[in-house]
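Each residue of the sequence shown is one higher than the one before, starting from -9 at the first, in this note's numbering.
It should be emphasised that the hints constitute simulated quantities derived from the structure, not laboratory data. Cβ coordinates follow ideal geometry from the N, Cα and C atoms, glycine included. There's no promise every hint is true.
Each pair of labels, with its calculated beta carbon distance range [what the hints assert, rightly or not]:
| hint | residue 1 | residue 2 | range |
| --- | --- | --- | --- |
| 1 | 317 | 93 | 30 to 38 Å |
| 2 | 303 | 40 | 34 to 42 Å |
| 3 | 230 | 254 | 17 to 25 Å |
| 4 | 308 | 55 | 52 to 60 Å |
Below, computed lysine to any residue pairings styled on SDA-like, alpha-carbon distance capped at 25 Å [as the list claims (entries may be wrong)]:
| hint | residue 1 | residue 2 |
| --- | --- | --- |
| 5 | 50 | 6 |
| 6 | 360 | 29 |
| 7 | 124 | 297 |
| 8 | 124 | 391 |
| 9 | 360 | 347 |
| 10 | 50 | 216 |
| 11 | 360 | 245 |
| 12 | 124 | 28 |
| 13 | 360 | 25 |
| 14 | 360 | 346 |
| 15 | 124 | 50 |
| 16 | 50 | 7 |
| 17 | 50 | 76 |
| 18 | 360 | 241 |
| 19 | 360 | 247 |
| 20 | 124 | 280 |
| 21 | 124 | 25 |
| 22 | 124 | 22 |
| 23 | 124 | 292 |
| 24 | 124 | 317 |
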Amino acid sequence: MEPYELTASEAARSIREGRLTSEALVRSCLQRIEARDPEIRAWIHVDPALALAAAREADKRFASDPSVVGPLHGVPFGVKDVIDTADLPTTHNSPIFQGHRPSRDAACVAIARSAGGILLGKTDTVEFASGGRKAATRNPIDIAHTPGGSSSGSGAAVGDRHVPLAFGTQTGGSHIRPAAFNGIYGFKPTWGAVSREGVKHYAVSLDTIGWYGRSVGDLALMAEAFRLEGTGEAAPVSLAGLRVGVCRSPVWSSIEPAGEAALTLAARRLEEAGAIVEPFELPDDFSALAEVQDVIRRGEGRAAFLDLYLSDRHRLHDELADHCQHNRGITARSLTEAYDVAGHCRARFAGLFDRIDVILTPPAPGEAPKGLHTTGDHVFNGIWTVLHAPCLAMPCTRGPQGLPVGVQFVAPRFADARLLAMAEAMASAVDPAAA
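Using the sequences provided together with the hints, build the complete structure.
This is the structure we're talking about:
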């Protein structure tokens, strides 16, 4: 096995045990990028010399004192190009920011580096993680299909084994959906659990930073670096007796046959493995949440893009400029009403888990759509994003076109560590590759 094939948790363990160096791992990932990225186009900027120098320094620190290394020691990671990095440009995939060099790292990048991670490069994104220009990235399983978005490059880079970990962001479904389309694991923490300092805002009350890996252990490794409450302390979960609520959600009419088949298959596998699986429905007053998410996203998007609209209108994509013009008629009153519905549902959400431990629901309608003009539909993500709930995407099966189809698990706010522990137990049943 080449080093680039290792999951993040496998690589971290190999480095700690002295069986692998960070330099060897980074060099292997760079070779994989050189071989594959001309076709996949996941990366906007990679600096091999910078990454190798950081890896060598990590190896020196480990040789000097192995006891002080962090959970990500020596493991490379990618960064979605709406997240600031001091060593590499941050372009937001926008003509306005080509060559832009922030003066310091975003908080999430600084934390990953403090935990020993090695910044490998910047991954392509939909413009400003919102609209306008699409990423050039292709789905590594079939390049005729989208990798999803807006975290397009990060999802494809982890899916094609260019890098074991990568950051994405989610305002609607920009993080969980690409995980499903690329056949990998993705984690969107509780809103506010991870600092968004140094990240371009779209909708400040929805934007959340997440990360990709190729196992639940990978996701937990990054969660440990961010010191999410309960990480490293949550007791192992037994699949026997775990109560799983299968939620079609109020937007079920958008499901495709492949998405329905994956949800049914995951539920059956969990039940056969000993879980208690039963249908779960959200209360009627949650039925407006998809529309509420759209109103909040666009309403706050006006504030997020007003400065660029006034200073660089000629270079701002019409789709983004529209937030500052007609904006689909969203007013202060409609935005206030949306906030009130969202707040009411958030307050009720934790109480819905009295009979279940975790929600099982689709992460996307089905397989990745064909073509690079689309990133897919976020309809199965927006509800959970507006609820500020932690979400975890897990591979499950392949659809009729041979593309990955995953499932999504959702837990109450700030039950991040518990969700990761439950996912660790469920993965061996749901994901054939984890068995």
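>> For a quick check of understanding: which of the numbered hints are violated here, in increasing order?
In response: 9, 14 and 15
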